[in-house]
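S.K.: Given the structure of chain A, go ahead and fit chain B onto it with the hints provided.
There are 2 protein chains.
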Amino acid sequence: MSYSDYFASRREEQLEELKQWLRIPSISALSEHKQDIQSAAAWLADTLKRAGLENIEIMPTAGNPVVYADYLHAPGKPTILVYGHYDVQPVDPLNLWTSPPFEPEIRGDKLYGRGTTDDKGQTFIHIKAIEAILKQEGTLPVNVKLCIEGEEEIGSINLPPFLETHKDKLACDAVLVSDTSLLERGRPAICTGLRGLTGMELTVSTANTDLHSGSYGGAVPNALHALVSLLDSLHDEKGKVAVEGFYEGVPELSALMREEFAKQGLDENKVREGLGLDALYGEEGYSFVERVGARPTLELNGVYGGFQGEGSKTVIPKVAHAKITCRLVGKQDPELTMDRIEKHLNAHIQPGARFELKRSERAFAFNIDPSHPILQTAADAYGAVYGTRALFTKDGGSIPIMQAFSRVLQSPVVLMGFGLDDENLHAPNEHFNLENFDKGLLTVVEFLKTV
Amino acid sequence: MSYSDYFASRREEQLEELKQWLRIPSISALSEHKQDIQSAAAWLADTLKRAGLENIEIMPTAGNPVVYADYLHAPGKPTILVYGHYDVQPVDPLNLWTSPPFEPEIRGDKLYGRGTTDDKGQTFIHIKAIEAILKQEGTLPVNVKLCIEGEEEIGSINLPPFLETHKDKLACDAVLVSDTSLLERGRPAICTGLRGLTGMELTVSTANTDLHSGSYGGAVPNALHALVSLLDSLHDEKGKVAVEGFYEGVPELSALMREEFAKQGLDENKVREGLGLDALYGEEGYSFVERVGARPTLELNGVYGGFQGEGSKTVIPKVAHAKITCRLVGKQDPELTMDRIEKHLNAHIQPGARFELKRSERAFAFNIDPSHPILQTAADAYGAVYGTRALFTKDGGSIPIMQAFSRVLQSPVVLMGFGLDDENLHAPNEHFNLENFDKGLLTVVEFLKTV
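In order, the protein sequence lines correspond to chains A and B.
In the working numbering, each number is its position in the first sequence, counted from 1, plus 751.
In the working numbering, each number is its position in the second sequence, counted from 1, plus 751.
Just chain A, same shape as in the assembly (with noise of 0.2 Å):
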């Protein structure tokens, strides 16, 4: 049977298999879901060894389990490890949501519901693809790894010291991932280079205790007043991060890769149009993709502080908080990033306040050289499924792990993603486009048998 008939003949039964796994609400984020994420796990773990994969392990980390299988029947051939991860983001506002996230739902041709693109979707593609050759051909034309993880929407923290410790057992020619998107519908991509990261939790304090605007008003610091004075300051006028030596280690754009990224023919307007805009915001110089793809940013991700209630309450608040996170690219440091933004901070805090920085995520950015040959293969597979080659690219996320295994392995990465941009990953309503589930399939059986 053609594979096309082999995933035709069993899409509903993929699919009720895969809403399975997205009913279950492993949010890393949040600490009440630690028994979700355990449950995931073990589903996960249950449908590799029905797929056919063996020795599989729930592994543990000082968070949450890795899980790993293995398929090693092709002695001389390429081993290929598949990196994803079961756990997902929260989901407020849930008031937003058409349905709820964790009940998954198919309206017209697409699949919505926390975790149908990112990444719960895009893993499941890889399992149902291999499974797919060991049922028609009975092995496995390369020798396959998976290590799916529980952590990245939380920074993968737990994931650079486990791939330490298991270097040997993870041993490969090619990490695959498929984290990422198309350009857009029917053009994909491969991405060769990802953003780095660094999460920081800032929160500004003032007296002791909240007070009466009436009784203190305009004679004592208030949190808010010193946080958004802060918060401000961390931008100039024309939106270019203002923290003194935040731009040392990003690269200068060549004219070759302006060209690159114009190759990509992004319509500005219509994405401006599609967000419902009115002008698009970022520093000035560089286009859209560029601003994505090769420049870093500080990005406020909340804030908040004093009385959020209905109607009001005349009220001088002690205490406000910010969560922010910086993309970074090149050789940006995220610590040293850290560093400077807290020196930038106690130059900034109003008198009268003070400030804790919490530090979290760190990841370097990732670039890879798209001449390497696995990446020209992976090219290939998509061209003989989409009808035309991959284009290769530079996302603005971040897949904090990448550098690392890049790093640790010693191994190219090979992004082939199967997402769209705007199936609101992180956001309400989040999507997967089913036509890129069952061309997903293709690509990986393809990829899998010429790598």
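Hint data in this document are derived by calculation from the structure and do not stem from the laboratory.
The beta carbon of each residue, even a glycine, is placed where N, CA and C say it ideally should be.
Among the hints, a few may not be true.
Unchecked claim - Which residues of chain A face chain B? A partial, calculated answer using Cβ under 8 Å:
id: 1; residue: G968
id: 2; residue: K1074
id: 3; residue: S1111
Said to hold, decoys possible - DSS-like, lysine-lysine: derived pairs with alpha carbons at most 30 Å apart:
id: 4; chain 1: A; residue 1: K1094; chain 2: B; residue 2: K989
id: 5; chain 1: A; residue 1: K991; chain 2: B; residue 2: K989
id: 6; chain 1: A; residue 1: K800; chain 2: A; residue 2: K770
Stated by the list, open to error - DEER-style ranges, computed between Cβ atoms:
id: 7; chain 1: B; residue 1: R936; chain 2: A; residue 2: P844; range: 44 to 52 Å
id: 8; chain 1: A; residue 1: D919; chain 2: B; residue 2: L845; range: 52 to 60 Å
id: 9; chain 1: A; residue 1: D924; chain 2: B; residue 2: L847; range: 54 to 62 Å
id: 10; chain 1: A; residue 1: R1110; chain 2: B; residue 2: E1003; range: 46 to 54 Å
M.R.: Just chain B now, with coordinates in the frame of chain A:
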């Protein structure tokens, strides 16, 4: 029996009675407490009846009802209208309360709970003082009316039309209010100035969905960036409000006024240390009491947007909010002030972002001439009980309705406060020093007998 003995013999019983009222969570800012507002009004009406007052009515308004009562059996004598409020502030953050806000508890010589000082405790003093004179002497030496409202903490929006409608019924020679503070323990004060108030809710929006900071970060507007930039622009680097025209109508401080403020002898270092602050913060060139008593403010009471949960979430929020109030002085016009702020926001909003401004409270500042005989009598009444005559001060708070009382009823307003500034009104662990409950009862009796 002396009034001291009278109150001493009933102290425990009266505090138990007050606690019943404090247990009703009559938070006017939160609609889920509508029923509690009704219960607090009903409790008050019963208590006024038991105290011997007459013509008790729970009078409807477009919002929460006004509780009215009177005792008009002293022809030819002055009529005193007692004003107070039975609604209270919200209680969050709840986890910072030592005892629950609506389970009043005496610890040491203080009564803890929401509303103890602002304003159920202070209103209760008037009821019990009137009851005492009626019990001891069979009648009152003056005519009294009580007008106790349920919307003070949300700006008394419906009281001005109520006063207009019922201005004959409420006609009086003076309005007596206990909703302010002593200067400090043992130092009574009569407030002759209150700041005005305006309230606004600012909502900043960008894209039509939350976005992933990897796929979009650096190339689209972030509602939080736009918000903090707007909010920071509202003050200059020295803490002065940067909105054009904001200070119009603010009187210059005369040498005489500065002298009056200096008489209060406030130890700013003691205030600073008590609040656990490294430094106080406010407009340059003014002392603490001048900043609070004679200068306007623009305060952030709440700011929120994006992810607030545990851990991190790499989201670019599409919406962010701020709650803002201004304290006004002199002839500053609340509506015009909001117009000016809106104009400022329009001029400073980032490209790609837009905002909405929802206006709420509006109150002019209030000022009264301390040389009025009735204020002099009130200062003497304090002197008879506290052993030291009340100082005439200006308070930084707002009782939005004071200006309306003096305008509609054409009567002087006597702000005879029994609170203390450090009693955490509008904050966790609100309390009332029972020393001033005891002395307050005697001071009100003295005032009613001598006015």
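S.K.: A separate judgement is required for each hint: does it hold in the structure or not?
M.R.: Hint-by-hint comparison with the structure:
For the restraint placing A:G968 at the interface with chain B, the shortest Cβ-Cβ distance is roughly 4 Å, inside the 8 Å limit, so the hint holds. Restraint check, A:K1074 versus chain B: the minimum CB separation of about 6 Å is within 8 Å; hint holds. Given hint, A:S1111 at the interface with chain B, holds; its Cβ is 6 Å from that chain's nearest Cβ, closer than 8 Å. Distance check on the hinted pair: A:K1094 and B:K989 sit about 21 Å apart at the alpha-carbon level, within 30 Å; holds.
Restraint check for A:K991 and B:K989: satisfied, since their Cα atoms lie roughly 24 Å apart, inside the 30 Å limit. Proximity of A:K800 to A:K770 is assessed by CA-CA distance (about 18 Å); at most 30 Å being required, the pair is judged to hold. Restraint check, B:R936 to A:P844: a C-beta distance of roughly 47 Å satisfies the suggested window 44 to 52 Å. At about 53 Å, the CB distance of A:D919 to B:L845 agrees with the hint of 52 to 60 Å.
In this structure, A:D924 and B:L847 meet the distance hint of 54 to 62 Å, their C-beta atoms being roughly 58 Å apart. Distance hint check for A:R1110 and B:E1003: the Cβ-Cβ separation is about 49 Å, which falls inside the suggested range of 46 to 54 Å.
The structure shown violates none of the earlier numbered hints.
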